[in-house]
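Chain by chain, the residues:
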Amino acid sequence: KEKKKKHKMIFNLYIFNKHGKAIYYADWHRKKQSDNLAEEYKLMFGMLWSLKNFVAKTSPKPIDDKTGFHSYKTSTYKLHFYETPTSVKFVIVTDPNTPDLRDDLKKLHRDIYVEYAIKNPLYKLDEVIRCELFITSLHKFIRSLPSFPDPSLLTKA
Amino acid sequence: MSAQKKYDRLGEQVFSKVDKVNAELFTLTYGSIVMQLIKDYEDVNEVNVQLEKMGYNIGLRLIEEFLARSHVGRCADFVETAEVIAKVGMKMFLNITGTVTDWDSEKKEFSLILEENPLVEFVELPEQYNKLWYSNILCGVLRGALEMVQMKVETKFVRCVLRGDDSSEIRVILKEILADEMPPGDD
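Here the protein sequences come in this chain order: Z and B. Counting in our numbering, the first sequence tops out at residue 157, every number present. Counting in our numbering, the second sequence tops out at residue 187, every number present.
There may be inaccurate statements among the hints.
Said to hold, decoys possible - Covered by chain B, according to a simulated footprint, are these stretches of chain Z (three or more residues, beta-carbon under 8 Å):
1) 9-18
2) 24-31
3) 83-91
4) 133-144
Said to hold, decoys possible - List time: in silico PhoX-like cross-link candidates among lysine-lysine, alpha-carbon distance up to 20 Å:
5) Z:K119 to B:K17
6) Z:K18 to B:K152
7) Z:K21 to Z:K42
8) B:K156 to Z:K119
9) B:K175 to B:K108
10) Z:K106 to B:K156
11) B:K156 to B:K175
12) Z:K106 to Z:K66
13) B:K175 to Z:K124
14) Z:K119 to B:K20
15) B:K17 to Z:K107
Quick caveat, the hints were computed from the structure, so don't treat them as lab data. Virtual Cβ for every residue (Gly too), placed ideally from N, Cα, C.
Make the full structure from the sequences, and use the hints.
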């Protein structure tokens, strides 16, 4: 009997700066495209803000509002979240069965955001990241994650 | 104090993992930057301002690397912040540890004492530049870095070995804790 293959999928990634601006966005395999990305960014940032506050307020023990909220899961996706003490927010949306990617988001911050954006003198802080090295390294990193689907398993659209 | 010991150890740990650069190269490069600024601005007070500004811009970025490599989380209070700066931050980037002293009664101001400072190795300050705070870039770095973690501070040198004092001292004053920005309202 063939075991039903668990669908691994990474849908999209957002990076928000401390002012709520989406400084980087990428998507893969997204079946339902957004018709207005700018609205979506606002919605996502606003939701995260509310959710972080909610999580902190309803926690039975005191928690830090920056590091309290980690992820939520629905029937179609899981959202993973990591915020730095400098209020930079990393969000990745995957299939619901993907294990917690918080550590991978930290790696993304340390090895890609810091190395290729922050240390790039031509990158203006708080602006949208267009650095080529950043973009290629990020895509390479995401593709290397175990949760990124094997292209051979994807059915043609 | 256990907090001190913990950060001493963390400082050593982080320093061992980061890329290093030749200390002399660092010192001489900084020296030529200061010399160039003196040449460009002539007025020593203006050079102090420019060094601080440069430091500020460095600090805005340096904090990200610091947080990424040291894994230090939110500090419980400003006292802890001071220890982290002195034992982990300074160790990681300059391979020195500072001493935190002279707190005010409200724990909003402290002095950071530097017994050694790689920036000033081999440097002698001629009399005509005696109003120069040679390492003023450090004040800017602290200000920029702390601003990115929601603390508005004022930093200034009060003593410097190049001016004849036995150690260098930076006074750090917490002016304001900044609140996280709320998301923009609906248009």
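Structure-based check of each hint:
1. Here the region 9-18 of chain Z counts 1 residues with a CB under 8 Å from a CB of chain B, which misses the bar of 3, and the coverage is violated.
2. By the rule of at least three residues with a Cβ nearer than 8 Å to a Cβ of chain B, the coverage given for the region 24-31 of chain Z is violated, with 0 such residues.
3. Chain B is given as covering the region 83-91 of chain Z, and this holds because 5 residues of the stretch bring a CB closer than 8 Å to a CB of that chain, at least three being needed.
4. Residue count for the region 133-144 of chain Z with a Cβ under 8 Å from a Cβ of chain B: 0. That is fewer than the three needed, and the coverage hint is violated.
5. Restraint check: the Cα-Cα separation between K119 (chain Z) and K17 (chain B) comes to about 18 Å, which is no more than 20 Å; the hinted pair holds.
6. A distance of roughly 16 Å separates the Cα atoms of K18 (chain Z) and K152 (chain B); the hinted pair therefore holds under the 20 Å criterion.
7. Proposed proximity of K21 (chain Z) and K42 (chain Z) is supported: the alpha carbons are some 8 Å apart, at most 20 Å.
8. With a C-alpha separation of about 26 Å, the suggested pairing of K156 (chain B) with K119 (chain Z) is violated against the 20 Å cut-off.
9. Pair hint K175 (chain B) plus K108 (chain B) holds up; C-alpha atoms about 8 Å apart against a cutoff of 20 Å.
10. Between K106 (chain Z) and K156 (chain B) the alpha-carbon distance is near 34 Å, which puts this suggested pair outside the 20 Å criterion.
11. Distance restraint check for K156 (chain B) and K175 (chain B): the Cα-Cα separation of roughly 13 Å lies within the 20 Å cut-off, and the hinted pair is therefore satisfied.
12. With a C-alpha separation of about 14 Å, the suggested pair K106 (chain Z) and K66 (chain Z) falls inside the 20 Å cut-off, and the hint holds.
13. Taking the CA atoms of K175 (chain B) and K124 (chain Z), the gap is near 27 Å; set against the 20 Å cutoff, the hint is violated.
14. Using a Cα cut-off of 20 Å, the hinted pair K119 (chain Z) and K20 (chain B) holds, with the two alpha carbons roughly 16 Å apart.
15. At roughly 15 Å between alpha-carbon atoms, K17 (chain B) and K107 (chain Z) fall within 20 Å of each other, so this suggested pair holds.
The structure fails to meet hints 1, 2, 4, 8, 10, 13 from the earlier list, while all remaining hints are met.
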